[in-house]
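Since the structure of chain U is provided, determine the placement of chain X on it from the hints.
Note that the protein sequences, when read in sequence, are chains U and X.
The first sequence begins at 289 in this note's numbering and counts up one residue at a time.
The second sequence begins at 289 in this note's numbering and counts up one residue at a time.
Keep in mind that a hint or two might mislead.
Just so you know, same-sequence chains aren't split out, so a pair can sit in one copy or run between any two.
[Unchecked claim] Only pairs whose alpha carbons sit at most 27 Å apart, straight line, appear in this in silico DSSO-like list of lysine-lysine:
{"no.": "1", "residue 1": "341", "residue 2": "310"}
{"no.": "2", "residue 1": "341", "residue 2": "618"}
{"no.": "3", "residue 1": "599", "residue 2": "552"}
{"no.": "4", "residue 1": "587", "residue 2": "335"}
{"no.": "5", "residue 1": "310", "residue 2": "396"}
{"no.": "6", "residue 1": "335", "residue 2": "618"}
{"no.": "7", "residue 1": "587", "residue 2": "341"}
{"no.": "8", "residue 1": "644", "residue 2": "396"}
{"no.": "9", "residue 1": "375", "residue 2": "364"}
{"no.": "10", "residue 1": "461", "residue 2": "521"}
{"no.": "11", "residue 1": "644", "residue 2": "341"}
{"no.": "12", "residue 1": "341", "residue 2": "626"}
{"no.": "13", "residue 1": "537", "residue 2": "552"}
{"no.": "14", "residue 1": "636", "residue 2": "396"}
{"no.": "15", "residue 1": "375", "residue 2": "540"}
{"no.": "16", "residue 1": "552", "residue 2": "636"}
{"no.": "17", "residue 1": "364", "residue 2": "310"}
{"no.": "18", "residue 1": "543", "residue 2": "310"}
{"no.": "19", "residue 1": "626", "residue 2": "461"}
{"no.": "20", "residue 1": "341", "residue 2": "325"}
For the record, the hints were derived by calculation from the structure and aren't laboratory data.
Number of protein chains: 2
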Amino acid sequence: RASDSRSANLLLQSSFISPSSKGIYHFMPPLVKSLEKLTSLIDEKMKNICAQKVQMSMLSGKDIWSLSGRWDAFGKELITTNLGEAKHCLSPTHEEAVCKVLSQTFNKFLSYRHLPLRLYQTNTKFRNEPDPQRGLLRCREFLMNDLYTFDTTKKAAVETYNAVCNIYEEFFKELNIPVTKAQAGSGLIGGDFSHEYHILAGVGEDNIFICPDTGQAWNSECTNIEKKLDTLKQVDGIEVGHTFYLGKKYSKMFKTSFLTPDSKPVPCEMGCYGLGVTRILAACLEVLSTESGMRWPHKIAPYKVCLVLPKTGSKEFENGTAAVNNVFDKLQNYPLLKNDVIIDDTPKRSIGWKTKHANLIGYPLVIVFGKGLNSEEQYAEVIIQNPDQQLNFLLRSFIMQHFIFMYCA
Amino acid sequence: RASDSRSANLLLQSSFISPSSKGIYHFMPPLVKSLEKLTSLIDEKMKNICAQKVQMSMLSGKDIWSLSGRWDAFGKELITTNLGEAKHCLSPTHEEAVCKVLSQTFNKFLSYRHLPLRLYQTNTKFRNEPDPQRGLLRCREFLMNDLYTFDTTKKAAVETYNAVCNIYEEFFKELNIPVTKAQAGSGLIGGDFSHEYHILAGVGEDNIFICPDTGQAWNSECTNIEKKLDTLKQVDGIEVGHTFYLGKKYSKMFKTSFLTPDSKPVPCEMGCYGLGVTRILAACLEVLSTESGMRWPHKIAPYKVCLVLPKTGSKEFENGTAAVNNVFDKLQNYPLLKNDVIIDDTPKRSIGWKTKHANLIGYPLVIVFGKGLNSEEQYAEVIIQNPDQQLNFLLRSFIMQHFIFMYCA
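Okay, chain U solo, but in the shape it has when bound (with noise of 0.2 Å):
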C-alpha cells in the first residue's frame, strides 16, 4: 500500500497530532500538509510587501537579552540550555537578533536607501508555559510567522504598519475566518501603534470589548480609557496575531542604523509583527468543525478531494475501481488539486464507515463511488462539506463538466 502514493497509507491521515511531552506536540502527516499550505499563504503575503525570509537561529546567546534587559524580563517564561561557554536560551522572540544580524552585517552599508526593509520567518518558537493546554492553542513548542522591519522616518513605519495590517486582513479573508482587530495596550512600547487580531470562541482566553455602533475594539488593557466599560459588548477571543511600533528602543540598543543622505547614521524606526501559525490552524478547527467531524478553511485542508472506493471484494469493487482512477486522473490535471486528492481504499470497510470517517476527517469535497456501478450505468455521490461558496461554485462546474455521470448531493 505505501507503494501507491494516491492513498498516502490513510491510518496516517486520521492522525494529527502526536503528544510529546506536556505542552509539546509531534505534528503528524496531515497537519504538516495544513502548515505547509498555511505558510505558503503567508509567504505569498509577505512578498507582497517585500518581504525577504531569513532563518534566524533557535538557540540565542544570553549577550543580546542581558543587553536589552529581556532576559530577566522573560524570566521563567525563557527555556535555557546548557550549551556551550556562555549561556543560551531558545529563542520566544527575534527583535535583539535581527536588530544586531543587521549591525553587524551591514555596519556601515545601510543607507537610507535600502529602506524600508522587511524581515521575516516562519520557523519553531519556544515558551515555558507555565501551564500549556487545549493541545495547539497554547504550548510549548510551536510555529510562529514573525516579521521585522526597518524604516527611516516614523511616518514612513507608520506606512509600513498599515501595510502590515492590510496584508494580515487579506490573510484571515483568504481563510475565510472571520477576525476582529483590537486596539492593544502601548504599555512599555510606546505610540498607539499596536494591535491584537482575535479569532472570537468561546474557548478563547482574552476579553475583547466591541463598541456596537462602531465595530471597534479594544482589549482588557485598553477599556475605560476610551469608551466607558458598560457601553461596550465583551466577548471570548483566541489571540492569533499581533502588530507592534516599536519605534527606536531596539535599534538603539543594538546600533541598527542607516545612513541619512549626508552620510549621518540614524538608527531604524521599527516595528515587529507576529502570526501565531499553529495556533491560527488550531483556532480554525475549534471555530469551524461542527459535532460531525472536523472543518478547515479550504485553501489549508490537508486534502481537498477524497475518492471513496467500495468495499474491496464487493460486487461494486471492480468497476468503481475503475471509475476512481479515471476521476483521481483527471482531478489531479486540476492546478487547484495537484496532490490534493486522496483515496480511501481502506481494506475491509464498508462504503458507510468509508463515508462517515471521511466526513469525521473533514475533506471539503468527498465523491463517493458506491451505487449501481456497472459499464453501462455508473454513478457517483458527491458529498461538498465546505462552507466556502466559492470553492464549491468552483467544483460544481468541475464536476458537472468532467463527470456528467455524477449525482451531486
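Quick look at chain X alone, frame taken from chain U:
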C-alpha cells in the same frame, strides 16, 4: 526600493549567513531561498517512495532517551534544557521518538497491510559539537532530513533500504554533484546495511578508502576487513548522507509492532536514513566555487538569472531600464524561472562593478544591459557561469528564441 520585489534589495543578496554564537548561524535571504529549493527537491524524492512528512518536536523528554540508553551514550553532545518537570534535550535524531509515536498512536491498529510505512521530516537538529568549524560544515544547529522506515520482514526492509539508496543517488545526481557511497561500519547496529555518502573534497574530515579496480569504497572503520589497506586509494570526504538498517533494535524497545494476518503483534523491521541539508549546501559550494566567485548547483541557486542595469543616470540607463523590464517579464513567465530572476539596479555602481559582483555571487546566468543601448540597436551581453550543460543548452535556446538582439558570450 523595497516596494520593487524584482530587485529584492540587492544588499541582502550578498549575505548568506550571519553568526549567532559559536557554531550557530542565522540564515540570510539567499541561503533560505536555496535551502527551500533543496528541501523541495528532497520532498519530491521522498514522494517517490511514498514517504510521508511529519514534524517531530525538537524538545524531547528524557524518558525515551533513558529507555534506549542514549541519554548517557550521547553524553556531552546532547544539548539539555531547564524545561518543565522532567529533563528535556534538543533532539539530535528521532529513532526513539518516531517509534514511540507509532506505538502510542496506532497501538493495536497497525497491521501488516499498513507496511511498508515511511515517515520523514526536514527540520532543525541540535548537537553540542565540541569543536564547531568551517561554517555550515560542522555546526551546533543545522537542518537535517531524516527518514524512518518500518517493514514486516528483513527482506522487505532490505528492499526499502535499496529504494532509499536509489533516491539518494538520484538526488545527488540532480544536484549534479558527484558522491561516493562508502560501506560503513556495522558497529552496534548489526547487519552489513550501513553506508555513508561522501562529497570528496580537500576540506573533508573523513577518510575514505577506494579500490582503484572496482570503485568500491569503505570508510575507515571498515578497511582491512575486506581489502588490504595498501591496495586502496585514500581520499578525504565530507559525509553528507548516512543509511542504516536497524532491524528490531528500537521497535522492540518501544513496542512498535504490527499485527500479522493471524493478529499476532510482531516488532517492525526498521531503517533510518539521514541527509545533512545545510551541510550538503555548504559542501556543494565548497566543491563548485572558484577563485572568481561562488558557484551553485543550478537547481538550488538562490536566483537563476541576474539582470544587470546600466548605471543610474547614465546615457544608457533609460533604454536599459525599458529592456530590463521587457526581459524580466518574459523570463518570469517561463515556469523554470518563476521567482528566479533578480535585477541589479544598485544605485551609483557601474556596470563593471555590478557584473563583477554578480560573478562573485554566482548567479548561473547574468545578462548585462550595457553596450550601445538605443532604440535602433539594442543588445545585451549574456554571461553563463554555470557548470550544468543541460541548463546552459536550455537557457541558450530560450535566449535565442526570445531575444535575438542579444549576444551570447
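Quiz item: Of the hints stated earlier, which fail here?
Solution: Going through the list in order, the structure violates no hint and respects every one.
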